[in-house]
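There are 2 protein chains.
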Amino acid sequence: MGTVGESEHLVSFAPPRSFATTLKSDLKETFFPEDPFQQFRNEKPGARVKKALQYFVPIFEWLPKYNLQLLRYDLLAGVTITSLAIPQGISYAKLASLPPIIGLYSSFVPPLIYALFGNSKHLAVGTVAACSLLLQSTISDVVSPKDDPALYLHLVFTATFITGVFQTALGFLRLGILVDFLSHSTITGFMGGTAIIICLQQLKGFFGLTHFTTKTDVISVMHAIFKNRKEWKWESAVVGISFLCFLQSTRYVRKRRPKLFWVSAIAPMVTVLVGCLFAYFFHAEDHGIQIVGELKKGINPPSINLLNFDSKYLPTVIKAGVVTSLIALAEGIAIGRSFAILKNEQVDGNKEMIAFGFMNIVGSFTSCYLTTGPFSKTAVNFNAGCRTAMSNIVMAVCMALTLLFLAPVFRYTPLVALSAIIMSAMFGLIDYEAAYHLFKVDKFDFVICMAAFFGVAFVSMDVGLMLSVGLGILRALLYVARPATCKLGKVSSRNTFRDTEQYPGSTNVPGILVLQLGSPIYFANSTYIRERILRWIREEQAISDSEGHTLEHVLLDLTGVTSIDMTGIETLIEVRRSLQVNEIKMVIINPRIKVMEKMMASKFIDIIGKEFVFLCIDDAIEACRFSLHKSKHNDDSPQDSIVA
Amino acid sequence: MGTVGESEHLVSFAPPRSFATTLKSDLKETFFPEDPFQQFRNEKPGARVKKALQYFVPIFEWLPKYNLQLLRYDLLAGVTITSLAIPQGISYAKLASLPPIIGLYSSFVPPLIYALFGNSKHLAVGTVAACSLLLQSTISDVVSPKDDPALYLHLVFTATFITGVFQTALGFLRLGILVDFLSHSTITGFMGGTAIIICLQQLKGFFGLTHFTTKTDVISVMHAIFKNRKEWKWESAVVGISFLCFLQSTRYVRKRRPKLFWVSAIAPMVTVLVGCLFAYFFHAEDHGIQIVGELKKGINPPSINLLNFDSKYLPTVIKAGVVTSLIALAEGIAIGRSFAILKNEQVDGNKEMIAFGFMNIVGSFTSCYLTTGPFSKTAVNFNAGCRTAMSNIVMAVCMALTLLFLAPVFRYTPLVALSAIIMSAMFGLIDYEAAYHLFKVDKFDFVICMAAFFGVAFVSMDVGLMLSVGLGILRALLYVARPATCKLGKVSSRNTFRDTEQYPGSTNVPGILVLQLGSPIYFANSTYIRERILRWIREEQAISDSEGHTLEHVLLDLTGVTSIDMTGIETLIEVRRSLQVNEIKMVIINPRIKVMEKMMASKFIDIIGKEFVFLCIDDAIEACRFSLHKSKHNDDSPQDSIVA
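Those protein sequence lines, which keep their order, are chains E and Z. Counting from 1 along the first sequence, just add 6 to a position and that's the residue number in this note's numbering. Counting from 1 along the second sequence, just add 6 to a position and that's the residue number in this note's numbering.
Only chain E is shown next, with the shape it has when bound in the complex (with noise of 0.2 angstroms):
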């Protein structure tokens, strides 16, 4: 075998790095994959201490650089969200089983927060529907709203508060890749269940309902929908369906003439505008129409004081609190890298968490409750043409101006104005197209992301979630459990081995069998590696034995497999034990520098030998060539097809 005598020499045996050097290249990897030091590393140390604080808070980066140019753009973004930042406020407020003002309180601080420590230039910072309807059903559990509002409301700030703490902490432990576990279809299926079940829950506006369910599932909603058939208004159904009519037309403007987009974004504004003025002039209250009621004019108060961590309640609150954290990080971050791409620009998702993290925080002391980036206030902010998180600024200011002179006259609001608003605006948070998409693509996709949009829907909005990301984790332990290995041929006109599935025209050599190993090999799969190794060899020799010669030698191609475990290592010594009952011998080809450090460290090289280690499926199969043609003259065989 160590005939081709330099080939083995090609192949790099050298001794394994420190372990200090592989620990710092894994953590490197995990915690750091877009090495944001670099930047700093040939800079002097006063411009480092700029740059590092530049690095944290972005602000000190654009800032200086601002111009009255760019105002004008991020002007009039700023006042187009906001237009869209008060209806959306009061409705999801309301979705929270919150008194309408917090919701427009949600829209001045942390607006402010964002724009000096997040990195995005589009995010435009806000309430959200699903997580609004997440903490309403998860702190219900233990507090009515109705009941108490006052505990309710001081729960909510609680869970804010904790949903701060959480993402700040997550940003800087770097563990970014805990929201990567939440897959684009967990996402889009937890999006549509929860469209739907905040569609039904619009119900109770429309038809102007005062008893209804505290339960978020599809069924319960329908049974307390028509239980209390007999308190159905009919005048508030056909205010309701008006509205809708008018916002969905908007929509519809925006679809066919995207220009046209700023008519949709003011849809909402119009909307509760008309809705106040009709409630006003109508008397609206006098025929079964609900109004918003009383609204204070004045800013954020504070409310660091108002935080309760009563034992009685911290499990619900902590629960709550890093669920919505998740989920708002998730959604966020999600949206802010997708307008980023279309700009070509970065977005640093632990950068983020800490951004997200300090204005929930900071949130949480001025009255606001959870707040991130929504996709609808988001995409409107980018389409308007915002540059830089100034828009937020104007928003925050605009939304000042709102609380301190125009409060009042908000009072007016018809809700089931507010629910048009809610169900107009879900309504394009469910993507069939999506959907069709994975069916299409990726059938396990689509099973995971089946499975978020009907737990959502007919069980909870957790159980929903945690199904869908169980099936996912479940996923990547099924790729590690069973990795693929396949049988390489040669490819005619080209010196390559390819995969024999794939390629079916390409050829073996007689005698040779050249499998390809996936990766990893793992305790988890390496019964499995065994299994399907020994069960190539079965064929194979099946297939020799018809065609009259014998297998002599295995190839293992390792070029794929990233990563191997001692276990895994046991596995190819079993392998290879079991292959020598039966006279074959075993090979192993290009294995990459973690797995080779294994292999020295635990003396596998050692024991099969260096010369049966190749750097290239063409050297071994010539260095094998050369013993088979050795054997069979030994034997006197006459054989001639072992030349192929």
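In short, the hints are calculated from the structure, not lab data. Where hints are given, some of them may not hold.
Which copy? The list can't say, so a pair holds if one copy fits it or any two copies do.
[Said to hold, decoys possible] Simulated pairs of lysine-lysine, DSS-like, Cα-Cα distance not exceeding 25 angstroms:
1) Lys493 <-> Lys34
2) Lys357 <-> Lys30
3) Lys357 <-> Lys56
4) Lys56 <-> Lys34
5) Lys34 <-> Lys449
6) Lys50 <-> Lys34
7) Lys609 <-> Lys446
8) Lys302 <-> Lys152
9) Lys30 <-> Lys493
10) Lys325 <-> Lys221
11) Lys349 <-> Lys261
12) Lys30 <-> Lys446
13) Lys318 <-> Lys152
14) Lys233 <-> Lys221
15) Lys30 <-> Lys449
16) Lys349 <-> Lys591
17) Lys152 <-> Lys239
18) Lys357 <-> Lys57
19) Lys446 <-> Lys616
Let chain E serve as the given structure and place chain Z on it in line with the hints.
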């Protein structure tokens, strides 16, 4: 780019296989990797039924070929393991706080069942220390074996029944994959930790204590021993240490002279007999040396009527049954396989599960508790020269004779002799060398092992186990979340591209960056992969700039990527978009069959263009160089270095 015209035709753009085909192949790889039905395929119906029967009940395969020659070997082995089964049976029953006779019963019925269904030739059936203690510590949480021994016994039978049902179900559902997640490192640590706590428990017997703790962790046990210092009996300790020295010296003999293995195999029996004689003649009981006490004559009474499914205890019993069944399976299957490999035979894990399951179900009906294939007994069986499962039948017959005629003899066995036997067996399970080897080769494996060891020793057996398995799963997830990518360079004397870190001599082609991506490309790592690719490109651009040429092509080698999902494909599209902005072209090399199918289904190939997909790196580089040349000529730049 289309200039090397024929090269892209080499790439197989076959339309994706149908969903049914891929699903069938995936299910086969997941559940039937060893292709068990292959042997039936080319048979006539009659022969097929016979083969199927032999497949499911292996005794039909080997019994017809059985002869006196084989019986001679199996008889010797069977008698030898009986001599081990009697003292071990009594000892482990004590460890599980059960009447000692149950331990003897457990070596009669289960071996008979295993002989029918088992497919390992060397496995000897019996009770094991770890599972005995685990059963005891779990069930004594709800019922004290002292206060209500009858109920405790019934719950143990019920747990054994559940173990059997669970194991059978796993086997029929072909879920051997679950056992795969108990890694070798976990088992090493778990066994070591268990051995430590079992040894400490034996100090109770050594010192003849009557008051003791029911907890298993090191601290509670040490505390219990020293708290009851007044109860210490020196006579008992002297006898115990003598026995222990005797047993350890026979182990030493076996280690030095493997031929004399039978010395250590019969040593426990000798210990018991000497102990009995000693206790009988010296009235040991009067000197503070406790004895086993009454053992009734007669074979196993039925216990099917004793199973207790009271909902008060059921959760605990199910927990005990499921956890012990997994550990018993992991131990039994691993041991069966290790010895099969020595003889180059195969053991089918799923069939073993069914055999173990049947054995425990029938066992629970006939007054036996949990049995599996213990290491010590199996090793003795193998060394004594057993040839088939007949040795288990011989053991069962010997045990029946013992139960019918000799049981009362063992009533005088001193408890301290049993403690010495258990301790001596446990010393063998602490595998320092394996742990040190793990430390040398793989630090993470070592941590997994230590987590099991310290978890078991200082907290509790199930916590240690879960902690260790959890770390193993975390590692698998981290593997999926951070696949290894690397930059490839051309190895000088071969037309081959390899990792530049591993082969520092390899050279770049100016203007072209070749990256090898790790597998899989997945929702859980798509962010990482994008960041990582962009970082490679930034670094390469810095190098290119310093050397005075520009990066124009990025080649992504997908040879090692066996799986991709929707999010992964979207990531590649995003990477391409980022590259386009920098006027860099993205080229895909050798997508494997599953990846190509997804790329076709999702129209990814249409988006990037078939001319940007190549079969091998060479082809791609040739095409890229041509386009580099062209663009350079167009620019009229006189640089020559681009042709490396």
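* **Intra- versus inter-subunit Cα pairing at 25 angstroms for lysine 609 with lysine 446** => between (47 angstroms within a copy, 11 angstroms between copies)
* Homomeric proximity label, lysine 349 with lysine 261: Cα distance no greater than 25 angstroms -> Within one copy only: 21 angstroms inside a chain, 71 angstroms across chains, cut-off 25 angstroms.
* Up to 25 angstroms CA-CA - lysine 449 versus lysine 30, copy category -> between (38 angstroms within a copy, 13 angstroms between copies)
* Is it within a copy, between copies, both, or neither that the alpha carbon of lysine 357 lies no farther than 25 angstroms from that of lysine 56? -> within (17 angstroms within a copy, 67 angstroms between copies)
* State whether the alpha carbon distance between lysine 357 and lysine 57 is at most 25 angstroms within one copy, between copies, both, or neither. => Within one copy, since 15 angstroms is at most 25 angstroms while 64 angstroms is not.
* First find the shortest C-alpha distance between lysine 56 and lysine 34 inside one copy, then the shortest across copies, and answer within, between, both or neither for a cut-off of 25 angstroms. => Within one copy only: 24 angstroms inside a chain, 59 angstroms across chains, cut-off 25 angstroms.
* 25 angstroms Cα cut-off: does lysine 50 pair with lysine 34 within a copy, between copies, both or neither? -> Answer is within: at 24 angstroms inside a copy they meet the 25 angstroms cutoff, but 61 angstroms across does not.
* **Homomeric proximity label, lysine 318 with lysine 152: Cα distance no greater than 25 angstroms** => within (19 angstroms within a copy, 38 angstroms between copies)
* Asked: Which holds for lysine 325 with lysine 221 at a C-alpha limit of 25 angstroms: within a copy, between copies, both or neither?
  -> For lysine 325 and lysine 221, the Cα distance is within 25 angstroms only inside one copy (17 angstroms; across copies 32 angstroms).
* Asked: When no copy is named, should lysine 302 and lysine 152 be tagged within, between, both, or neither for a Cα gap of at most 25 angstroms?
  -> within (20 angstroms within a copy, 70 angstroms between copies)
* State whether the alpha carbon distance between lysine 34 and lysine 449 is at most 25 angstroms within one copy, between copies, both, or neither. => between (34 angstroms within a copy, 17 angstroms between copies)
* Go through the copies and call it for lysine 233 and lysine 221: within, between, both or neither, with a Cα cutoff of 25 angstroms. => within (15 angstroms within a copy, 55 angstroms between copies)
Against the hints set out earlier in the document, no violation occurs for any number.
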